[in-house]
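This is what each chain is made of:
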Amino acid sequence: MNGVHDMGGMHGMGPVEYEDNEPVFHARWEARTFALNCLMRAWKRWNLDRSRHAIERIPAAEYLRMSYYEKWFVGLVGLLLESGLVSRAEIESGAPRAEEAKATPPTTAEQAVATLSRVGSPRRDASVAPQFHRGQPVRARNLNPAGHTRLPRYARGRLGTIDRDHGVFVFPDTHAHFLGEKPQHVYSVRFAARELWGESASPRDAVYVDLWDDYLEPA
Amino acid sequence: MAQAKHDHQEVPSDLALRVKALESVLVEKGLVDPAALDALIDTFEHKVGPRNGARVVARAWTDPAYRQRLLADGGSAIRELGYGGTHGENLVVVENTRHVHNLVVCTLCSCYPWSVLGLPPVWYKSAPYRSRAVIDPRGVLREFGLDLAEDVEVRVWDSTAELRYLVLPERPAATEKLTEDQLAALVTRDAMIGVAKVSP
Chain A
1 MNGVHDMGGM HGMGPVEYED NEPVFHARWE ARTFALNCLM RAWKRWNLDR
51 SRHAIERIPA AEYLRMSYYE KWFVGLVGLL LESGLVSRAE IESGAPRAEE
101 AKATPPTTAE QAVATLSRVG SPRRDASVAP QFHRGQPVRA RNLNPAGHTR
151 LPRYARGRLG TIDRDHGVFV FPDTHAHFLG EKPQHVYSVR FAARELWGES
201 ASPRDAVYVD LWDDYLEPA
Chain B
220 MAQAKHDHQE VPSDLALRVK ALESVLVEKG LVDPAALDAL IDTFEHKVGP
270 RNGARVVARA WTDPAYRQRL LADGGSAIRE LGYGGTHGEN LVVVENTRHV
320 HNLVVCTLCS CYPWSVLGLP PVWYKSAPYR SRAVIDPRGV LREFGLDLAE
370 DVEVRVWDST AELRYLVLPE RPAATEKLTE DQLAALVTRD AMIGVAKVSP
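Chains as they are written, first to last, in this note's numbering: chain A, 1 to 219; chain B, 220 to 419.
Everything labelled a hint here was simulated from the structure, so no lab data went into it.
Certain hints may be false.
[Said to hold, decoys possible] These stretches of chain B come out as covered by chain A in the derived footprint (C-beta under 8 Å, 3 or more residues):
1) 239 to 245
2) 250 to 259
3) 319 to 329
4) 333 to 340
5) 352 to 359
6) 377 to 385
[Said to hold, decoys possible] Which chain A residues face chain B? A few, computed with CB under 7 Å, are given here:
7) Met10
8) Pro15
9) Cys38
10) Arg52
11) Gly94
12) Ala109
13) Pro122
14) Pro152
15) Leu159
16) Trp197
17) Asp205
18) Ala206
19) Val209
Since the model is a prediction, treat every value here as computed from it, not as a measurement.
C-beta: ideal position from N, C-alpha, C; glycine also.
Build the full structure now, drawing on both the sequences and the hints.
Written out as structure tokens, the structure is:
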């Protein structure tokens, strides 16, 4: 979707604000929100692409206003509701439905960190032939899907070169909508800064964007 | 680059309560174990962080064969030092030289190499950095105090897929006598994102 989350190249967002000696979390609710997001994925009712899309679907003005972990919280609530794991009444009351049997958490404290790396690894061993090879000139396709995509707007229609092939990964555009993994190769594609931004950009500089086969066409 | 005004801490007053209520429901329904939440938070507050990445960098500076393995297959090379998990197998290490400077960003969300740097700072996840790093990397770097010469090539890595990027900074001059531990102590998080150099 052409959402406000796709902000590469935008102006008007202000200066980068730096905090010295920044803590990992600024409040306990941030830490709890982070950990809840990570561990609830172990139920496998959604995947990482779906959870990214849940955050992208926050209305643009809200997305820009909210802090980072507020967005994670809103995204998680959306995922819990659409998956049916929790009802709106339960979230609003803070109490579970009385008639329901208690579940067993899929992850113990000992397993928590291992779960994080095991659940939803996006790399696939599938033998899928690459559509492009290193050094090949390519063009990022001009796609504007209304759903989830990882093809940033600033790269669409631009000419680049395959820098390296990273192997086979699930395809976010289908995976986020539970339409299958559609495994395919991901490449780092080198775009000259001037191809992306015009003559005012440095002639030496480049942006490397990781793109799936389906985002590319031969140039 | 401005000093943070801590705006991100000024959240709607009921947000902390809403998170608490949600956790209560999930715990009471048996959907999540609060001890598992504690364990995960403890890991990211105390065990996983930029010191991991600094050890990787220091090893690469002192062991040429390790440096080659790290650049060829970052995931396998960090596992040699006991780091990994959190999708560390998809780590790509890009090397700074006198002629090339690398900078890492995620314009679409907040992708970051957790296995070697821990969780990202607020500025990395913020709209100003995400929007500007790709269109004006030299301007962003100047705000961080890094003014690169025109003959240096800037390579910006936008983490749009599941690869995670770590910058291998240049080893500073006159550090030949330092031990690997002493070198690791010089390496900062910012240098491994690419917004700073390592100072001796």
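Notebook entry, point to check: Which numbered hints are broken by the structure, listed smallest first?
Noted result: Violated: hint 15 alone.
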